[in-house]
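A.B. asks: Take the given structure of chain A and dock chain B to it, following the hints.
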Amino acid sequence: MSTFQIDFSAVAKKRIVGIDLGTTNSLIAFMDLTGPAVIPTPEGSSLVPSVVSVTDDGSYVVGEKARQLLIDSPDRTVYSVKRLMGRGIADVQDELRLFPFHIAEGSENVIRLDLGGKLLTPPEISAQVLKQLKAQAEAYLGEDVAQTVITVPAYFNDAQRQATKDAGRIAGLEVLRLVNEPTAAALAYGLDKRNDGVVAVYDFGGGTFDISILRLNQGIFEVLSTNGDTHLGGDDIDNKLLRIALEDVENEWDEDVSNSGEAVQTLRRAVIDAKEKLSFFPEATIEFTWRGKLYQRLISRELFEGLIKDIVERTLQPCRSAMLDAGLKPEQIDEVVLVGGSTRIPLVRQAVETLFKAKPHTELNPDEVVALGAAVQAAILSGDVTDKLLLDVTPLSLGIETMGGVVSKLIHRNSTIPASATEVFTTSVDGQRNVLIHVVQGERELARDCRSLARFDLKDLQPVPAGMARVEVRFLIDANGILNVSARDMRSGKEQSVEVKPSYGLTDDQVEAMITESFERAEEDFAARQVREAQVEADTILLALDKARASDAWDALGETERTAIERARKNLQAVYHTGTHLQIRDAIEKLDGISRKLAENMMNTAVRAALKGSKIN
Amino acid sequence: MNFSIVEHTCWRCGQTSEEQSEAASLFCKFCNSLQRPVVDYFAFFGFEKTLTIDTDELQRRYYMLSRQLHPDRYTRATETERNFSLEATSILNDGYRVLRDPVQRAEYILKESGFNIGEQRSKDVPPELLEEVFDLNMVLDELRNGDTDAIAQLEESRNRFAAMQNEIDADLHEKFLLHDAAPETERHEILSTIRSALNRRRYIRNLIQDVNKEFATREA
Numbered sequence: 001m002s003t004f005q006i007d008f009s010a011v012a013k014k015r016i017v018g019i020d021l022g023t024t025n026s027l028i029a030f031m032d033l034t035g036p037a038v039i040p041t042p043e044g045s046s047l048v049p050s051v052v053s054v055t056d057d058g059s060y061v062v063g064e065k066a067r068q069l070l071i072d073s074p075d076r077t078v079y080s081v082k083r084l085m086g087r088g089i090a091d092v093q094d095e096l097r098l099f100p101f102h103i104a105e106g107s108e109n110v111i112r113l114d115l116g117g118k119l120l121t122p123p124e125i126s127a128q129v130l131k132q133l134k135a136q137a138e139a140y141l142g143e144d145v146a147q148t149v150i151t152v153p154a155y156f157n158d159a160q161r162q163a164t165k166d167a168g169r170i171a172g173l174e175v176l177r178l179v180n181e182p183t184a185a186a187l188a189y190g191l192d193k194r195n196d197g198v199v200a201v202y203d204f205g206g207g208t209f210d211i212s213i214l215r216l217n218q219g220i221f222e223v224l225s226t227n228g229d230t231h232l233g234g235d236d237i238d239n240k241l242l243r244i245a246l247e248d249v250e251n252e253w254d255e256d257v258s259n260s261g262e263a264v265q266t267l268r269r270a271v272i273d274a275k276e277k278l279s280f281f282p283e284a285t286i287e288f289t290w291r292g293k294l295y296q297r298l299i300s301r302e303l304f305e306g307l308i309k310d311i312v313e314r315t316l317q318p319c320r321s322a323m324l325d326a327g328l329k330p331e332q333i334d335e336v337v338l339v340g341g342s343t344r345i346p347l348v349r350q351a352v353e354t355l356f357k358a359k360p361h362t363e364l365n366p367d368e369v370v371a372l373g374a375a376v377q378a379a380i381l382s383g384d385v386t387d388k389l390l391l392d393v394t395p396l397s398l399g400i401e402t403m404g405g406v407v408s409k410l411i412h413r414n415s416t417i418p419a420s421a422t423e424v425f426t427t428s429v430d431g432q433r434n435v436l437i438h439v440v441q442g443e444r445e446l447a448r449d450c451r452s453l454a455r456f457d458l459k460d461l462q463p464v465p466a467g468m469a470r471v472e473v474r475f476l477i478d479a480n481g482i483l484n485v486s487a488r489d490m491r492s493g494k495e496q497s498v499e500v501k502p503s504y505g506l507t508d509d510q511v512e513a514m515i516t517e518s519f520e521r522a523e524e525d526f527a528a529r530q531v532r533e534a535q536v537e538a539d540t541i542l543l544a545l546d547k548a549r550a551s552d553a554w555d556a557l558g559e560t561e562r563t564a565i566e567r568a569r570k571n572l573q574a575v576y577h578t579g580t581h582l583q584i585r586d587a588i589e590k591l592d593g594i595s596r597k598l599a600e601n602m603m604n605t606a607v608r609a610a611l612k613g614s615k616i617n
Numbered sequence: 001m002n003f004s005i006v007e008h009t010c011w012r013c014g015q016t017s018e019e020q021s022e023a024a025s026l027f028c029k030f031c032n033s034l035q036r037p038v039v040d041y042f043a044f045f046g047f048e049k050t051l052t053i054d055t056d057e058l059q060r061r062y063y064m065l066s067r068q069l070h071p072d073r074y075t076r077a078t079e080t081e082r083n084f085s086l087e088a089t090s091i092l093n094d095g096y097r098v099l100r101d102p103v104q105r106a107e108y109i110l111k112e113s114g115f116n117i118g119e120q121r122s123k124d125v126p127p128e129l130l131e132e133v134f135d136l137n138m139v140l141d142e143l144r145n146g147d148t149d150a151i152a153q154l155e156e157s158r159n160r161f162a163a164m165q166n167e168i169d170a171d172l173h174e175k176f177l178l179h180d181a182a183p184e185t186e187r188h189e190i191l192s193t194i195r196s197a198l199n200r201r202r203y204i205r206n207l208i209q210d211v212n213k214e215f216a217t218r219e220a
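Residue numbers (our numbering), protein chains in the order written: chain A, 1 to 617; chain B, 1 to 220.
Treat the hints as calculated values from the structure; they're not laboratory data. All C-beta atoms, glycine included, are put in the ideal place defined by N, C-alpha and C. Treat the hints loosely; a few may be bogus.
What the hints assert, rightly or not - Cut-off 27 Å, straight-line C-alpha distance, at most; resulting in silico cross-link-like pairs (BS3-like, lysine-lysine):
| id | chain 1 | residue 1 | chain 2 | residue 2 |
| --- | --- | --- | --- | --- |
| 1 | B | 111 | A | 409 |
| 2 | A | 590 | B | 29 |
| 3 | A | 329 | B | 213 |
| 4 | B | 49 | B | 175 |
| 5 | A | 547 | A | 14 |
| 6 | A | 494 | A | 459 |
| 7 | B | 111 | B | 175 |
| 8 | A | 388 | B | 29 |
| 9 | A | 309 | A | 359 |
| 10 | A | 547 | A | 570 |
| 11 | A | 597 | A | 570 |
| 12 | A | 14 | A | 590 |
| 13 | A | 293 | A | 277 |
| 14 | A | 597 | A | 547 |
| 15 | B | 29 | B | 49 |
| 16 | A | 597 | B | 29 |
| 17 | A | 570 | A | 590 |
| 18 | B | 213 | A | 409 |
| 19 | A | 494 | B | 111 |
| 20 | A | 118 | A | 65 |
| 21 | A | 359 | A | 388 |
As the list claims (entries may be wrong) - Partial pick of chain B residues on the chain A-facing surface, computed with a CB cut under 7 Å:
| id | residue |
| --- | --- |
| 22 | 13 |
| 23 | 31 |
| 24 | 71 |
| 25 | 72 |
| 26 | 78 |
Next up, chain A with everything else stripped away, as it sits in the complex (with noise of 0.2 Å):
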């Protein structure tokens, strides 16, 4: 940021707020003046359901109302979409047997659900959750909302968090940094009040499981290992207790009610709400009510915990990798932090005391704190907050495969990012004009053992004999955690154009044509938004030139100088009302630059002036 304009102007500054996109639930926080707060619905939740069903009339339904349609419609109604993000439909088998999710046909590439004829990919479902919210904050913060951060598991993929940042896009909203939930939660707490030490924060939400060690240093939140289980979470408690309670009813009615899409959502509700109860109470009653018949079951804690143990146990195994990486003992952690939903279950709590050997905290809403953390990054990046700084690793290493389907890792998991790694490729064959690069995300060895992220073509190379090209590939993965390629050809030092076939997910061109189709309108508003934005800093800055024009310093200047100035000044003036908001910002920044020694020569005079203790004007 210019000195220039933090001295002479007080632009506006644009808020960014906070959203946690979870599995379940989903918040939008922001940062008010005593610290970060949670923005409710105007029936005065914080939660909003992460579900989304489409009308008859084709519009949609979010949040609680869609809920509802859980158990009306459920064909045209859907949860747990997250579940889908940036996956393939092979890798979500086992999700399609437990999830009454209705896949469209010719979902081999990118995988779109039928609601009710309509066919939608699941940035596009989570989109409308998006959009909900940030209609939500427009209406209680009285403002546009256009700018946010977006937590993600912090064991996301790349083809995840592309997902993620596309259903940012498609909802109108530039995401500016996606965050990883369990750092965020980290913030969230204020932990670095002690300045020195070792957290862990242990994630435990409704789709996902994430265990993050952080190290506090003064401020800075160094992540030194992460690991998880993208598909583990408190839905999997109640798919399992759903499936048992199934056959239950079977037995006693004699009856099998699984195909009713009506009586499961109706029997899941019931479930859920049993299971709530038994982190408070000993005992609790499933209760299902259908076509005037009543089940009931009694269910004991007890019982309840035999049920999920191994669910719990499974979380374990992360916590000590994680801990195996950043190459510390139990011993060694200082605090354990507890976040999502599901670690409310006092067998949880239990399992987590026992590995870490340290009682954890809680103080914090479990369902709150990821957001409220995503507010607090929100602020770092806005400048509002400038004693903390997150430093995030990638949860999984990245590679390339060479031959014989054997993977080159690149960039190491846990690595702090960003992160990059440059390699050389060359041709094989005489006259090759391009070289295809697979790109693959995971520990294993084999190619076809990791999650394939991408090819990136490399293309119209100059023809030469086999193994004289020489093109410089650099990966480098940004702070978002999401995977950039350049290219360089050494020989001409030109850059050298690289063509991506994202292997899961969406093209760029898909995700801008979903914005286009579903945002026309709101597409150029934008557009003339960003222009207008441009044209209030132009003014700003237009308006500091002339004071300064009148002043002494201009008098100070030199003849070139003040022909440059004078030169940038039209220069921006003519593109004012004609330019695109770039040229404008393009200008502005041209202007600025150039008119650097002015602004000295003008805080020069104002310091002059007041130690003589006169006034200036």
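C.D. replies: Below, chain B alone, put in the same frame as chain A:
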């Protein structure tokens, strides 16, 4: 210092400054805007190119530079500065990973000094280890054929390899100090002995990993 005076022109305000070192030009002296970062890890951290470094100081500078350069600090900056910030922070993180580890640090200097440190070389058995490797493979075969007596032998081999690795590490440390104290003209020769030691070390480390993997599969 082995840095020469460098002339640097700011991309933004166009003013030219003379810098003591490349690292000093991360920010423009005149307008304080972020400049295109240097790619040399030692220069980036403001260290001389030595094989031994003060790792506490390295960590201190890492945190300090993170605060100044991280993309979180440039969300509202110009696109040029945002790109420089991303580039600079990736060099910072990559460099920190390499410099804090003595072996990676040495490999980096070797590479920068024109040595080929490819992995292929590690496949050739160092002659003095031939017998050891032969014995190890025999024991591994016995174990896979169900001879559980081989477990004790295998553990013994592992301990012997670990001792060898410790020996090499101590030797490497001596060589590092020697290199750092030597005049520029003699360094290349010392580096070449370091490369041999590193190859031997890598070979032994792989042997230890093989044994560990065997134990791990037996446990599973």
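A.B. asks: Determine for every hint whether it applies to the structure shown.
C.D. replies: The hints, checked one at a time:
This hinted pair checks out: residue 111 of chain B and residue 409 of chain A have alpha carbons roughly 19 Å apart, not beyond 27 Å. For a cut-off of 27 Å, the pair hint linking residue 590 of chain A to residue 29 of chain B stands: about 18 Å separates their Cα positions. For the hint linking residue 329 of chain A to residue 213 of chain B, the alpha-carbon distance of about 22 Å falls within 27 Å, and the restraint holds. Proximity of residue 49 of chain B to residue 175 of chain B is assessed by CA-CA distance (about 15 Å); at most 27 Å being required, the pair is judged to hold.
Taken as a hint, the residue 547 of chain A and residue 14 of chain A pair is honoured in the structure, with Cα atoms around 26 Å apart against an allowance of 27 Å. This hinted pair checks out: residue 494 of chain A and residue 459 of chain A have alpha carbons roughly 13 Å apart, not beyond 27 Å. Between residue 111 of chain B and residue 175 of chain B, the direct Cα distance comes to roughly 17 Å. Compliance with the 27 Å bound is thereby established for this hinted pair. Straight-line distance between C-alpha atoms of residue 388 of chain A and residue 29 of chain B comes to about 26 Å, which keeps the hinted pair within the 27 Å bound.
Restraint check for residue 309 of chain A and residue 359 of chain A: the C-alpha separation of about 20 Å stays at or below 27 Å, so the hint holds. Note on residue 547 of chain A and residue 570 of chain A: the hinted pairing holds, with a Cα-Cα distance of about 16 Å set against a maximum of 27 Å. With a C-alpha separation of about 19 Å, the suggested pair residue 597 of chain A and residue 570 of chain A falls inside the 27 Å cut-off, and the hint holds. A C-alpha spacing of about 23 Å is found between residue 14 of chain A and residue 590 of chain A, which places the hinted pair at or below 27 Å, so the restraint holds.
Our distance criterion of 27 Å between C-alpha atoms is met by residue 293 of chain A and residue 277 of chain A, whose separation comes to about 23 Å. Among the hinted pairs, residue 597 of chain A with residue 547 of chain A is consistent with the structure: their alpha-carbon atoms are about 15 Å apart, no more than 27 Å. At most 27 Å may separate the alpha-carbon atoms for a hinted pair to count; residue 29 of chain B and residue 49 of chain B meet this at roughly 25 Å. For the proposed pair residue 597 of chain A and residue 29 of chain B, the alpha carbon gap of about 13 Å is at most 27 Å, so the pair holds.
Proposed proximity of residue 570 of chain A and residue 590 of chain A is supported: the alpha carbons are some 11 Å apart, at most 27 Å. For the proposed pair residue 213 of chain B and residue 409 of chain A, the alpha carbon gap of about 19 Å is at most 27 Å, so the pair holds. Proposed proximity of residue 494 of chain A and residue 111 of chain B is supported: the alpha carbons are some 24 Å apart, at most 27 Å. Taking the CA atoms of residue 118 of chain A and residue 65 of chain A, the gap is about 19 Å. The hint holds against a cut of 27 Å.
The hinted pair formed by residue 359 of chain A and residue 388 of chain A meets the criterion: a straight-line CA distance of about 26 Å does not exceed 27 Å. A least Cβ separation of about 5 Å between residue 13 of chain B and chain A falls short of the 7 Å threshold, and the interface hint therefore holds. About 5 Å separates the beta-carbon of residue 31 of chain B from the nearest beta-carbon of chain A, less than 7 Å, and the hint is met. The closest approach between the C-beta of residue 71 of chain B and any C-beta of chain A is roughly 5 Å, which is under the 7 Å cut-off, so the hint is satisfied.
Because the smallest distance between the Cβ of residue 72 of chain B and any Cβ of chain A comes to about 5 Å, under 7 Å, the interface hint for this residue holds. The closest approach between the C-beta of residue 78 of chain B and any C-beta of chain A is roughly 6 Å, which is under the 7 Å cut-off, so the hint is satisfied.
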